[in-house]
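Visitor: These are the residues of each chain, in order.
Number of protein chains: 4
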Amino acid sequence: MSMIGFIGLGNMGGPMAQNLIKAGHMLKVFDLVPSAIAVLVKDGAQQAASAEQAVAGVDVVISMLPASQHVESLYLGEAGLLKHIPPNALIIDCSTIAASASRKVAQAAESIGLHMIDAPVSGGTGGAIAGTLTFIVGGQAQALERARPYLEKMGKNIFHAGDAGAGQVAKIANNMLLGITMAGTAEALALGVANGLDPSVLSDIISRSSGRNWVTELYNPWPGVMDNVPAAKGYAGGFGVDLMLKDLGLAAEAAMRSHSVIALGELARNMYALHSTQGNGKLDFSSIVNMIKPADK
Amino acid sequence: MSMIGFIGLGNMGGPMAQNLIKAGHMLKVFDLVPSAIAVLVKDGAQQAASAEQAVAGVDVVISMLPASQHVESLYLGEAGLLKHIPPNALIIDCSTIAASASRKVAQAAESIGLHMIDAPVSGGTGGAIAGTLTFIVGGQAQALERARPYLEKMGKNIFHAGDAGAGQVAKIANNMLLGITMAGTAEALALGVANGLDPSVLSDIISRSSGRNWVTELYNPWPGVMDNVPAAKGYAGGFGVDLMLKDLGLAAEAAMRSHSVIALGELARNMYALHSTQGNGKLDFSSIVNMIKPADK
Amino acid sequence: MSMIGFIGLGNMGGPMAQNLIKAGHMLKVFDLVPSAIAVLVKDGAQQAASAEQAVAGVDVVISMLPASQHVESLYLGEAGLLKHIPPNALIIDCSTIAASASRKVAQAAESIGLHMIDAPVSGGTGGAIAGTLTFIVGGQAQALERARPYLEKMGKNIFHAGDAGAGQVAKIANNMLLGITMAGTAEALALGVANGLDPSVLSDIISRSSGRNWVTELYNPWPGVMDNVPAAKGYAGGFGVDLMLKDLGLAAEAAMRSHSVIALGELARNMYALHSTQGNGKLDFSSIVNMIKPADK
Amino acid sequence: MSMIGFIGLGNMGGPMAQNLIKAGHMLKVFDLVPSAIAVLVKDGAQQAASAEQAVAGVDVVISMLPASQHVESLYLGEAGLLKHIPPNALIIDCSTIAASASRKVAQAAESIGLHMIDAPVSGGTGGAIAGTLTFIVGGQAQALERARPYLEKMGKNIFHAGDAGAGQVAKIANNMLLGITMAGTAEALALGVANGLDPSVLSDIISRSSGRNWVTELYNPWPGVMDNVPAAKGYAGGFGVDLMLKDLGLAAEAAMRSHSVIALGELARNMYALHSTQGNGKLDFSSIVNMIKPADK
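Heads up: the protein sequence lines correspond to chains E, R, C and H, in order. In this note's numbering, each residue's number is its place in the first sequence (first place is 1) plus 1. In this note's numbering, each residue's number is its place in the second sequence (first place is 1) plus 1. In this note's numbering, each residue's number is its place in the third sequence (first place is 1) plus 1. In this note's numbering, each residue's number is its place in the fourth sequence (first place is 1) plus 1.
I should point out that these hints are in silico values taken from the structure, not numbers from a laboratory. Be a bit skeptical, because a hint or two may be false.
It does not matter which identical chain is meant; a pair holds if it fits inside one copy or across any two.
[To be verified] As a list, the in silico BS3-like pairs of lysine-lysine whose alpha-carbon atoms are at most 25 Å apart:
1. 23 <-> 154
2. 283 <-> 105
3. 247 <-> 43
4. 298 <-> 247
Hey, can you work out the whole structure from these sequences and the hints?
Guide: Listed below in structure tokens is the structure:
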């Protein structure tokens, strides 16, 4: 069993750390919120007084933070963690951040001989708890192989997207497409219903035709069409509008750096931004259908 | 075996009529293009000198025409075919046209006691030849049951979308979503490639993640990712840009009538319109990726 | 003084007819709403029992109707008015309708020797009452010259856009651009305010810089920036969201016929459609800023 | 006369510095490109061997750099210029950069007692040479008053937009709106021409109607409508597509930080991005009309 330093114990990081403890690993944990640490300590983790203390003597460092600036300021700079991580330790950053930020940290790590992978996840808090997350990994194949035993305790699918930062790129490319297909599916269903169709009948037809996609198969946004989806529970739980907005923002940032055309992606971003502005940021992102469909349907 | 009057023998109608002949039906065929008639006559159909003659004494009338105005002017008005169709004959219009036009003709038929269904198809010329089309049907369930034996000779899947016009609505809702997911998939792949990813690796990741859709599964637009798709053959064959443009235009028309919001759908329409304006109207619609991706990839 | 048959006495047609009466012309008026006729009769017009009666013996026919289908069914067909208009009478259609519909009616008129112009207006009900409308005219120059004395009694500016239908095309091109600049100005102001700027200061800067347009000069959408605009009166009066939506719909229809790319125009159309769906169809179109700006500004 | 340290002597900075020399000021100049320094030295400036040397003993520091990262790395950090600027000197940054970057540098300056304004310009290289630029200023009113005599030597219009960073916000809000009205005007003209109108006639009508804007008045994109605009010279000169793209990118960046909705702004950004991808990045931004209009017009 290994000694793991785990930093960032929020809705995602908390249950991920718990699954590593269950698998028999020893964890030293740190978060800016003391109560988040307390939960893990109860489960058997060692409390660290700082990020620096959390990585002392560990085999693996895992971080799960909200945004690029948090990851950059954790690892880099004068007081950065890179200076305190043991020489042979592997760094696994599971945060979803800008690919450019991932690359910057990975290069800084490599320049002092440390190996790092970016391993953003999908699957939400449900997947984090159940240990069924998907990891999309960027970095060297050898580093991924070293990380695999740990990732397998927290998730089910592991993809190798390419070099440093590639995990981030693949994740936001996927999530941008998801954001587009969700809003596009909402438009298609609303158009059908406004023209007299039954949403279940139309959903069934589409899901067996060329318009079919992950949304029509597993995550239909129209209330009453599927059980066990956010649309069946008032759009509670699931993947929040503001999280989708964050990922579409990362996509836009990447597109601007690479001079890419993502006209649909940026229009989708604005649709979720409008939906959020109108007070729906915490609802599941499939609630975008409420903005699009006629008020009386 | 039945006597069928078949009107409209183009790239789709021709092979559909042939499949009915192969199944043992007797066909009286008409088209404005004499050579199209000649092909069918060689296969055993009876030549009709006019649409009126084609429907004399038949059990079933099938039409397959390019656009709303053709269907309206075939069936309606002073010289309209409805006045010449035998009282017990069933009308099956397989054209993809505006739902409002379908409803107008169906109502006119019904007002004189004739039954009609709208049964637009998907599956392209390949499906028409192979007899594996999908029919999306609007009209009464009884009329669909009468039509089913004929449809089954020309296609594989038959969906009942609802009342008159519902077949058209469901088809354009599906195809609008397809137009969006194709262009969205192209954007996602181009974004990934511009940021250093391999298109096959990224396609594989997406097709096993939440961004997956019919395009990533069966019709990848990026050259070299899949065999046996238009992208592998210089975008020849398949479903043309101008046909996608037509369907997105029908979606826009329906949206305007029903005051629906289809922001992504209309943006996609403009993307294909631009692609067509730049000289690509006859290429398969997956060639939209060429407009989006960097010139050197 | 001339005898004029005036058909369509709504919010626009009513005051336009009154201005012709004030100028000394004799009017025979018809509308489907009897009370609309009554108002004009009180002002000195002759009541007609039908459109046919309204045009008997007149020098000029003026129509002001809501949409393409009304104009087509008024003039065309078996019972159409063209058959009843005196041989030397001039037809002035002031309705805003599809250019294709205008051309169709104009051609039918011409085929029996009648001259017709399309003369859609801008300026709203205020301009109709004040007699300060703008007419954008399609048709032959001679026909416009015959119409000019009448148009000058109802409006201030008269533009000759080209042949039959050109008045419609020019009007919707202008109004599409207006719809875009209004929504674009709203986005620019909201972006500035969300980033700490004062809306009046920013409006002033833009109106003296390269972003300036008719909206920033005369019709600022942000409350408190200008007096005497709809934004100063809770967006009452002015040019309604649903009217802008109608004109953007006509633009989309024309674009589809001519295979034109109007990506911004159709996105704007969807923005006003969404705003209307959310219950704001009757407000002035500058209220689109409410959909875009942060809730607390 | 004052001693001015001028850093950044490109297409804009070079002529701006020359106008200050002509006005009698003494300049110490620095640029990474030696030949750019040489030009100014010929005009009477003192050559500085480094940015640090350029600001030694000066009354005013003026910088004109390409992007946020250049401004941040010039002024901030261990080796940053702020540590070398004389205590009473005023800093004028004329670069167009992210408002957030402007604020960051201004705060750092203020924290050590230095006054700074952001003063991005519009007017292009022509305006820089002629001394007719527009400055949009963010910062304290007093600092602007100190800067005014220098700005007046380089430009004609000076706007005070608000506090630190406000100059950047106002400039990108204006330029985003300009990017939208240019592309929107191109769509409106192309729609009109595709429907039979003469581009000059339509331009004239719009420029006297509610669709009018700076583009229709002074910078018509359609070839043959106006003299002395880029459209009359093959779109050479003027304001490049890639520069518009940069400003729309800054607008998108600001919108993402402030959770603003700029659906039209981001669609316009993608239209210019596509136009640039297709090889037109160096042409004037009014060349966007070439992407939109039919090939044969």
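Visitor: One pair to classify: residue 247 and residue 43, alpha carbons no more than 25 Å apart. Within, between, both, or neither?
Guide: neither (32 Å within a copy, 51 Å between copies)
Visitor: Given a CA cutoff of 25 Å, do residue 23 and residue 154 count as a within-copy pair, a between-copy pair, both, or neither?
Guide: Result: close within a single copy only, 9 Å intra versus 59 Å inter.
Visitor: How would you label the pair residue 298, residue 247 (within, between, both, or neither) given a Cα cut-off of 25 Å?
Guide: Classified as between: cross-chain Cα gap 23 Å, same-chain 29 Å, threshold 25 Å.
Visitor: Can you tell me if residue 283 and residue 105 fall within 25 Å by alpha carbon in one copy, between copies, both or neither?
Guide: neither (31 Å within a copy, 30 Å between copies)
Going through the hint list in order, the structure does not satisfy hints 2, 3.
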